[in-house]
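Dock chain L against chain F, hints included.
There are 2 protein chains.
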Amino acid sequence: MKRKVTLKQIARELDVSISTVSKSLRNSPEISEDTKQKVQAFAKLYNYKPNNIALSLKNKKTKTIGIIIPEIVHHFFATVISGIEQVANENGYNVIVCLSDESFDKEVINMEMLATGSIDGFIMSLSKETQLKKDFHHIVEVINQGMPVVMFDRITNDVFCDKVIIDDQMAAYEAVDYLINKGFKKVALVTTVDYVSVGKLRTEGYLKALRDNNMMAEEDMIVKIEDIDNCSVKIERLLEEQKPDAIFAVNELFAVTCIKLAAKMGVNVPDDLSVIGFTDGIISQFSSPAITTVSQNGIKMGRSAAKMLIDRLEMEEEDEHYRTEVIETHLVERESTPTL
Amino acid sequence: MKRKVTLKQIARELDVSISTVSKSLRNSPEISEDTKQKVQAFAKLYNYKPNNIALSLKNKKTKTIGIIIPEIVHHFFATVISGIEQVANENGYNVIVCLSDESFDKEVINMEMLATGSIDGFIMSLSKETQLKKDFHHIVEVINQGMPVVMFDRITNDVFCDKVIIDDQMAAYEAVDYLINKGFKKVALVTTVDYVSVGKLRTEGYLKALRDNNMMAEEDMIVKIEDIDNCSVKIERLLEEQKPDAIFAVNELFAVTCIKLAAKMGVNVPDDLSVIGFTDGIISQFSSPAITTVSQNGIKMGRSAAKMLIDRLEMEEEDEHYRTEVIETHLVERESTPTL
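Heads up: the protein sequence lines correspond to chains F and L, in order.
Quick note on numbering: the first sequence equals residues 79 to 418 in the working numbering.
Quick note on numbering: the second sequence equals residues 79 to 418 in the working numbering.
The shape of chain F in the complex, shown without the other chains:
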């Protein structure tokens, strides 16, 4: 049986990155002539068929939307998919979901796979690794070939396309300001590493809220987490050494982890420590105490993204003007903050 050679196989055979293969095949000036020739010769030899989106676009509409998200065991992304599905179905579109598993290579491979005739356009949220590498050539390429892309939540300003976001900085600002107005003096931050765009924006919102309330940001009060499975030590040190009276956590897993570690140390939430999370998922609803949180409204975000994509797909003429829609957030008050 004859097998189609994939980007991944070419990369492995020639011992170069998938990104290098992809760029070489598109004759990118970023890649040396030598490498390009090697890759192109190999691709030709093994009959590699690159994307030919423009061609397939001319011939047919698949009425299918491709979604690429970083992970699936994550209630926020699941709710966004539900929102996309609602609008897609209302308009006679199907939906296909692929996962990048936070990997740049998988994001490139999945886009390549879907772009070759399976779908009409993409709705996507960037993988952590893509944000770290700042390599968006696979997305730019797809757009240049005439296939629309809508980004949501984890976006980049380096690509011109339609986007749906929340105002992460403002949402974080409001949550921290809320804590300060409740009278808390030692508000800590549990956040992601800086290259995750939403984590960075939420960190900036925290810092701005402190500044506007004439409070000093202290380095020791900010914990940056790369890997949820290895965050306990850092959070325990924060609780022990800094004794914050409130924590703003940039996602619900961080928030529930803070609450659990606090309980283990005999610190009662909300009596001794208040916690506000981000993302109103089922963890926030069913954890004990239930967690006060910034609701991102994933359904609404998904609905907006689908609407923007379908509008663009069904436009008669091309429109070079891209929109960024900002979805409102709101604070859902529960048991992890004082009621008065």
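Any given hint could be a false lead.
Identical copies look the same in the list; a pair holds intra-copy or inter-copy alike.
Computed list of lysine to any residue pairs in SDA-like fashion (alpha-carbon distance at most 25 Å, straight line) [unchecked claim]:
id, residue 1, residue 2
1, K321, A89
2, K263, K342
3, K86, E149
4, K114, V301
5, K122, R90
6, K378, E149
By construction, these hints were calculated from the structure, which means they are not laboratory data.
Below, chain L without anything else, positioned relative to chain F:
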């Protein structure tokens, strides 16, 4: 721009069901000659291209696995996908996910869409509506054309293919037997309607455990729920009128709903009422009290399903012998049952 006409459009135009269109195009004897002619003529007129799986199979391997699941905001299905992804990636396969949203029509449309060249084989769990209709022609058709299918969790015995299941009846039996051995005399059941295969098997396990312990099954102690959004009245009536001392719920949403409604009525879990759920998701882990539950091991189920599919895809010769793998379950004891 020329659009490919879809099954759905043909069905709408001719005012027949998608299943009728699909069967007519395959010349099924179940459909009247008159209808078949009408559908076939229409399809021809609008240049409808039916599946031609055998042809695409001969020409290439996509190295992609198609997954069709009933819903995505469901931790169990998300963990199964993670398990499938692990084994797929280890073997150089990609994964595409489509949702049936519990709809038969969407299941048919998604299979049709993926089967035409996008993927090498399917891993799927049946929609509720498909189980209710007992119409599996779309799956049989795909298998007959040489594309392997592995079913997991919600399966049917009417289709010959590889399957991965848990022993739902045995798992339910053990959970109920555990409650009876703790000394509970009034063990109620909160389950799904009968046409959901796993719900039915878990109900049978409950009944068998009562029988083997010489306890009478009472109709009033069994609540069958069709729609989670409208189940409160039935569960409240059970709690009020029957005053069970223990409840076995066939999924974690039913379990957490029982606990919340009990709390509202002043019934304390586990002091006045014990609850065991099914599916070890994040609701069970983070709800208060944390819920004792039957763990289905979704990751392992996904890994097994992917392994079975890839084995079959990479087999040199066709093997008509299908396997059903049974994944072990175990009870995770938490706070919703007494510790002694």
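Hints the structure fails to honour: Of the numbered hints given earlier, those the structure breaks are 1 and 4, listed in rising order.
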